[in-house]
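Construct the complete structure from the given sequences, taking the supplied hints into account.
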Amino acid sequence: MRVGLILGIVSSGLLLLIGLSTHQFETYSVISGTLGIICFLLAGIVSDSFISGDRARANYYTESRQDRKKRIRYSYLFFLLGAPNLLVAIVLTLNYM
727 MRVGLILGIV SSGLLLLIGL STHQFETYSV ISGTLGIICF LLAGIVSDSF ISGDRARANY
787 YTESRQDRKK RIRYSYLFFL LGAPNLLVAI VLTLNYM
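First residue of the sequence shown: 727, per the working numbering; consecutive thereafter.
Treat each hint with caution, since some may be false.
To be verified - DEER-style ranges, computed between Cβ atoms:
(1) T819 to Q792: 36 to 42 Å
(2) T819 to K795: 20 to 26 Å
(3) R799 to T760: 33 to 39 Å
(4) T748 to S790: 45 to 51 Å
Stated by the list, open to error - List of simulated lysine to any residue pairs, SDA-like, C-alpha gap at most 25 Å:
(5) K796 to S737
(6) K795 to R728
(7) K796 to L731
(8) K795 to L733
(9) K795 to A782
(10) K796 to L768
Worth flagging that the hints you see were computed from the coordinates, not collected in a lab.
Beta carbons are placed, not taken as given, at the ideal position from N, Cα and C, and that holds for glycine.
Printed below as a string of structure tokens:
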């Protein structure tokens, strides 16, 4: 989980610095926001958030405990990668206005 958070902070920090130094707030806000939304969607897909209850129950009983832990770990990784990027997109958007 630390890896996802560190990668998210590094990528969002770079986008924030580049956006503030070049005064192209809108461009880097869109890039950071898109990266954050893609990571949130991947976290939802990996964690089976977008499926119905009967499918989630079937997946729960057919997958092993190790596979479930791996799936949840990847979901956290994508979430922690996307959260700082969405925060930077909000900061750059507010700075642009």
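So if I understand the rule, the pair passes when the alpha-carbon distance is 25 Å or less; does K796 with L768 pass? Holds - the C-alpha atoms of L768 and K796 are around 14 Å apart, at most 25 Å.
Are the Cα atoms of K795 and R728 separated by 25 Å or less?
16 Å, holds
Distance restraint evaluation - T819, Q792, Cβ atoms, bounds 36 to 42 Å
Once the Cβ atoms are compared, 41 Å apart, the range 36 to 42 Å for Q792 and T819 holds.
Quiz item: Is the hinted pair K796 and S737 satisfied, with a Cα-Cα distance of at most 25 Å?
Solution: 24 Å, holds
**Report entry** Given hint A782 paired with K795 - CA-CA distance at most 25 Å
**Finding:** Holds: K795 and A782 sit about 15 Å apart, inside 25 Å.
Is 20 to 26 Å right for how far apart the beta carbons of T819 and K795 are? For K795 against T819, whose Cβ atoms are near 36 Å apart, the range 20 to 26 Å is violated.
Item to check | Agreement of K795 and L733 with the hint, judged by alpha carbon distance not exceeding 25 Å | outcome: 21 Å, holds
>> Please verify whether K796 and L731 have alpha carbons no more than 25 Å apart.
In response: 17 Å, holds
For this session: For the range 33 to 39 Å, tell me whether the beta carbons of R799 and T760 fit it or not.
Result: For T760 against R799, whose Cβ atoms are near 24 Å apart, the range 33 to 39 Å is violated.
- Note whether the CB distance of T748 and S790 lies within 45 to 51 Å or breaks it. Given about 48 Å between the Cβ atoms, the range holds.
Checked against the numbered hints above, the structure violates hints 2, 3; every other hint is satisfied.
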